[in-house]
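Trainee: The chain contents come next:
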Amino acid sequence: MARSIWKGPFVDGYLLKKADTARGSGRSEVIKIWSRRSTVLPQFVGLTFGVYNGHKHIPVTVTEDMIGHKFGEFSPTRTFHGHAADKKAKRG
Amino acid sequence: MANAPSPATPVPAHDLVLVGRFGAAHGVRGEVRLKSFTGDPAAIGDYSPLFSADGARSFALRSLRHIRDDMFVARVEGVNDRTAAEALVNLDLHVRKADLPPADEEEYYHSDLIGLSAHLENGELIGEVANVLNFGAGDILEVRPASGGETLLYPFTKAVAPHVDLSAGRVTIVPPQESEVREEEEGEDGEQA
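Taken in order, these protein sequences are the chains called A and B. Per this note's numbering, the first sequence starts with residue 103, numbered consecutively. Per this note's numbering, the second sequence starts with residue 2, numbered consecutively.
In short, the hints are calculated from the structure, not lab data. Take these hints with a grain of salt, some might be off.
Stated by the list, open to error - Which bits of chain A does chain B cover? Going by a derived footprint, with three or more residues having C-beta under 8 Å, they are: (1) 114-125; (2) 134-142; (3) 154-160; (4) 168-181.
Remember, it's a predicted structure, so these values are computed and weren't measured experimentally. Glycine included, each C-beta is placed from N, C-alpha and C at the ideal position.
Chain A on its own, in the form it takes in the complex (with noise of 0.2 Å):
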């Protein structure tokens, strides 16, 4: 069953502090976190969470895209290993 509406996203209270500090220090940084339940909210845009995967820390830079979807989603816990082949990478 899908989580009622009234209740609004889930997401960690600490987190929601974490990233009002670090969007006002301005500098670029990783936050590392273990919350992979919480939701990606729009305050979150633009910053850099280090996402553990229960291994390492996965960066995971947020983007519009994201809002909505779970921290975990964008941190595999399984290893893949793929090809390069004609893949691209772009520098955001």
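Given the structure of chain A, go ahead and fit chain B onto it with the hints provided.
Mentor: Leaving out everything else, chain B in the frame of chain A:
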């Protein structure tokens, strides 16, 4: 072995990029399964010729039929029966790096980034780029430290990787500051309306 015109001189292996692999023979008319590793799986049909790992043999795809995901059934020039198709099973397919279309500004082929040496701004060596990852939240450089141990992950952004010099084979890394926030420090769960 039936294949398309082979190069007069083998293409050097370091000029090749792996883009796919032949699978099992399919039917009796020389068709063979093909697994594509390209970003857009169907794009493998745009690259021709394809080369074996040693660069000595080349293959031209006559047709490509999609089965599912990244799997295709291919018809290869000069392969007309099942016996010839069975000889291709598990053969890796490569393209010349020069045959890949030029990357846009601020875009880099993973194959170009992998293997670059990563240095700090003061020139100190960190290690070598082992992989380029993307889990849906921006590209990530995975650097294997020269001193050994766990690989390091850096977001591939202008702030963290300000200089990428492919000709010199090096990338400059400015490691971002790190801070951490854990549940124990701040207390309870919260909810946001």
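Trainee: Can the stretch 168-181 of chain A be counted as covered by chain B under the rule of three residues or more with Cβ-Cβ separation shorter than 8 Å?
Mentor: Three-residue rule met by the stretch 168-181 of chain A, so holds; n is 5.
Trainee: Holds or violated: the stretch 134-142 of chain A covered by chain B, criterion of 3 or more residues with Cβ-Cβ distance under 8 Å?
Mentor: holds (count 5)
Trainee: If you look at each residue in the stretch 114-125 of chain A, do at least three have a Cβ nearer than 8 Å to any Cβ of chain B?
Mentor: holds (count 8)
Trainee: Check, residue by residue, whether the stretch 154-160 of chain A contains three or more positions whose beta-carbon lies closer than 8 Å to a beta-carbon of chain B, and give the verdict.
Mentor: It holds: at least three residues are needed, and the stretch 154-160 of chain A offers 3 whose Cβ sits within less than 8 Å of chain B.
When each numbered hint is compared with the structure, no violation occurs for any of them.
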